[in-house]
Structures are given as structure tokens and as C-alpha cells.
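Use the sequences and the hints to build the structure in full.
In my numbering, the protein residues as written are -5 to 209.
Since the hints were derived computationally from the structure, they do not count as laboratory data. Where hints are given, some of them may not hold.
[Said to hold, decoys possible] Dumping the calculated EDC-like pairs for lysine to aspartate or glutamate here, alpha-carbon to alpha-carbon at most 16 Å:
1) K209 - E115
2) K185 - D170
3) K185 - D173
4) K28 - E14
5) K114 - D34
6) K176 - D111
7) K51 - D31
8) K51 - D64
9) K121 - D34
10) K114 - E172
11) K55 - D34
12) K121 - E90
13) K209 - E196
14) K121 - E104
15) K79 - D64
16) K169 - E196
17) K209 - D170
[Claimed, not checked] Estimated spans, in silico, between C-beta atoms of each pair:
18) E56 - K145: 40 to 50 Å
19) I143 - P15: 15 to 25 Å
20) N122 - K28: 20 to 30 Å
21) K209 - K28: 32 to 42 Å
22) I76 - I144: 40 to 50 Å
23) N91 - I182: 19 to 29 Å
24) G146 - R52: 45 to 55 Å
25) R181 - N83: 19 to 29 Å
26) N18 - K51: 12 to 22 Å
27) K32 - I182: 27 to 37 Å
28) D24 - T167: 18 to 28 Å
29) E90 - I144: 42 to 52 Å
30) E90 - D111: 12 to 22 Å
31) I144 - D34: 12 to 22 Å
We treat Cβ as the ideally placed atom computed from N, Cα and C, and that holds for glycine.
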Amino acid sequence: MKSEEKLYERIWKKKGVNEEPRINKGSRVDVALKLLDKGDRLLDIGCGDGTLGYFAKRNYKEVYGIDISDNALKIAERRGIITKKVNFNEEGLPFENYYFDAVTCLDVIEHVFEPRDIIKEINRVLKNGGSLVISAPNIRHLSHLFNLIIKGRFPKTSNDTEHWDGGHLHYFTFKDIEDILKEYGFRIVMKKGVFGRDIFKEFLSTGIVIKATEK
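Written as C-alpha cells, this is what we have:
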């Protein structure tokens, strides 16, 4: 087992799993589910234990989930998700072109070596006009700015204590993600904040959630 896989296996082992999937109001999963349209096939990238897919099944005929953790995928499969193990840093998405009506990619882009590669692959597997809901921690949150400017410490954007900042390799603002999406042919439909007020989402939201469509 490679070091990346060991890291995320440790993270999932420490997190533990609820027998009954639950969603916290205002969380990234809660926000993402409200942004999804109905369709035939949904792909959840970084599906973890399949919580999002479990609740999304009511609106999709088939829900696929990919992740690097065997432990997480076993749980997702028990929850009715069609699972595949994928290391995003070494391979593309194992699906045909234009295969999915929608893709979710929640708090994954900050973990991969090259964020543009995963966006390019999402564009490939999405049907024309298909939807992408993507999220990432918001480095521009006031608490992070306070830590950096006042305390002189680089902010941590993950609650996972395994590895440095839970394995986060990149840090994003709303504008950063918008620019990458537009670069690969996406049109921004909606921007939402996680656990924060949309009116000042740039500074008061701990996370970024963006819905975009493939042009």
C-alpha cells in the first residue's frame, strides 16, 4: 500500500462511520445536495463512506463513487453506491466520455497534485450541459486571515490531524476555483458558502461550494 493510501485509510479509521448516514444542516454535503438536479447517472469523486450518494439516490438511477480508501469504499458499497478505487494523482477517471449527468467533487481538489487535471477529466466524463458541484475549504475565511496576519501562523483548513493539515496540498478562494472551471469550459451557475452567510461568503464561509455546467 502506498503512502497516500495509508494516510487516507488512517483518516477514515479515526473518523469512524455512523451506521445511519447523517447530514449536518449547512454542511458542504447538505449544500451540494440542494444544488443537484435530477438525472440518470451521478459520479461522486472522493465519495468517502457514500453519505452524499446515499441521499442522492432518490434523484438518480445510478450513483457512482470513487475514492482512494478501501475502508470507505466498502461502506459506500453497502449503501448502494457503485464503487471504484481510484488514485487521482496517478490515473484519470475510469469512465467513458459524456457518461454522467452530474458530478460532485467535495473537498477533493485541495488534495490532488494538479487540480487542473481533475477538472479536465470531469469535463470529459460530463454530458454536454451536465452539472458539476465542487467544494473546497475557503482560505479567505476571517479566522484564517487572523491566524496568518495577526498570529503569524499559516492557517490549517482541515480537521483531520493525520499528516500536515489533513493532506491538503493547495489552498483556494472563490475566484481561484472559478478561474480553473472557466479555463476548462465550465459556466458558473451558483456560488454558495459553507457554514456562513452568503452575503459575505468570501470572508464568513468556512468552505466554498460552486455549481457549474459544462458548456
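Outcome of the hint check:
Proximity of K209 to E115 is assessed by CA-CA distance (about 15 Å); at most 16 Å being required, the pair is judged to hold. Annotation: proposed proximity of K185 to D170 holds, straight-line Cα distance about 13 Å (limit 16 Å). For the proposed pair K185 and D173, the alpha carbon gap of about 13 Å is at most 16 Å, so the pair holds. Between the alpha carbons of K28 and E14 the distance comes to roughly 20 Å, so the proposed pair goes past 16 Å and is violated.
Proposed proximity of K114 and D34 is contradicted: the alpha carbons are some 22 Å apart, above 16 Å. Between K176 and D111 the alpha-carbon distance is near 14 Å, which keeps this suggested pair within the 16 Å criterion. Of the pairs offered as hints, the one joining K51 and D31 holds, with about 12 Å between alpha carbons and a cut-off of 16 Å not exceeded. Between K51 and D64 the alpha-carbon distance is near 21 Å, which puts this suggested pair outside the 16 Å criterion.
With a C-alpha separation of about 11 Å, the suggested pairing of K121 with D34 holds against the 16 Å cut-off. A C-alpha spacing of about 14 Å is found between K114 and E172, which places the hinted pair at or below 16 Å, so the restraint holds. Of the supplied pair hints, the one linking K55 and D34 holds, its CA atoms being roughly 5 Å apart against a limit of 16 Å. Note on K121 and E90: the hinted pairing holds, with a Cα-Cα distance of about 10 Å set against a maximum of 16 Å.
Restraint check for K209 and E196: the C-alpha separation of about 26 Å exceeds 16 Å, so the hint is violated. Annotation: proposed proximity of K121 to E104 is violated, straight-line Cα distance about 25 Å (limit 16 Å). For the hint linking K79 to D64, the alpha-carbon distance of about 7 Å falls within 16 Å, and the restraint holds. Between K169 and E196 the alpha-carbon distance is near 9 Å, which keeps this suggested pair within the 16 Å criterion.
Only pairs whose Cα atoms come within 16 Å are accepted, and K209 paired with D170 is rejected, the gap being roughly 19 Å. Between E56 and K145, the C-beta spacing of about 47 Å keeps the proposed range 40 to 50 Å intact. Range check, I143 to P15: about 39 Å between beta-carbon atoms, so the 15 to 25 Å window is missed. In this structure, N122 and K28 meet the distance hint of 20 to 30 Å, their C-beta atoms being roughly 24 Å apart.
Checked against the hint of 32 to 42 Å, the pair K209 and K28 fails, with Cβ atoms roughly 23 Å apart. At about 47 Å, the CB distance of I76 to I144 agrees with the hint of 40 to 50 Å. Separation of N91 from I182 is about 23 Å and conforms to the stated range, judged on CB atoms against 19 to 29 Å. For the hinted restraint 45 to 55 Å between G146 and R52, the CB-CB distance of approximately 48 Å keeps it satisfied.
The hinted window of 19 to 29 Å between R181 and N83 holds, with their beta carbons roughly 28 Å apart. In this structure the supplied range 12 to 22 Å holds for N18 paired with K51, their Cβ-Cβ distance being about 19 Å. Between K32 and I182 the CB atoms are about 21 Å apart, so this pair departs from the stated range of 27 to 37 Å. Judged by the Cβ atoms, the range 18 to 28 Å given for D24 and T167 holds: they are separated by roughly 22 Å.
One distance hint, 42 to 52 Å for the beta-carbon pair E90 and I144, holds here, with the actual separation near 50 Å. Between E90 and D111, the C-beta spacing of about 18 Å keeps the proposed range 12 to 22 Å intact. Take I144 and D34: their Cβ atoms lie about 50 Å apart, and the range 12 to 22 Å is violated.
Checked against the numbered hints given earlier, this structure breaks hints 4, 5, 8, 13, 14, 17, 19, 21, 27 and 31; the rest are met.
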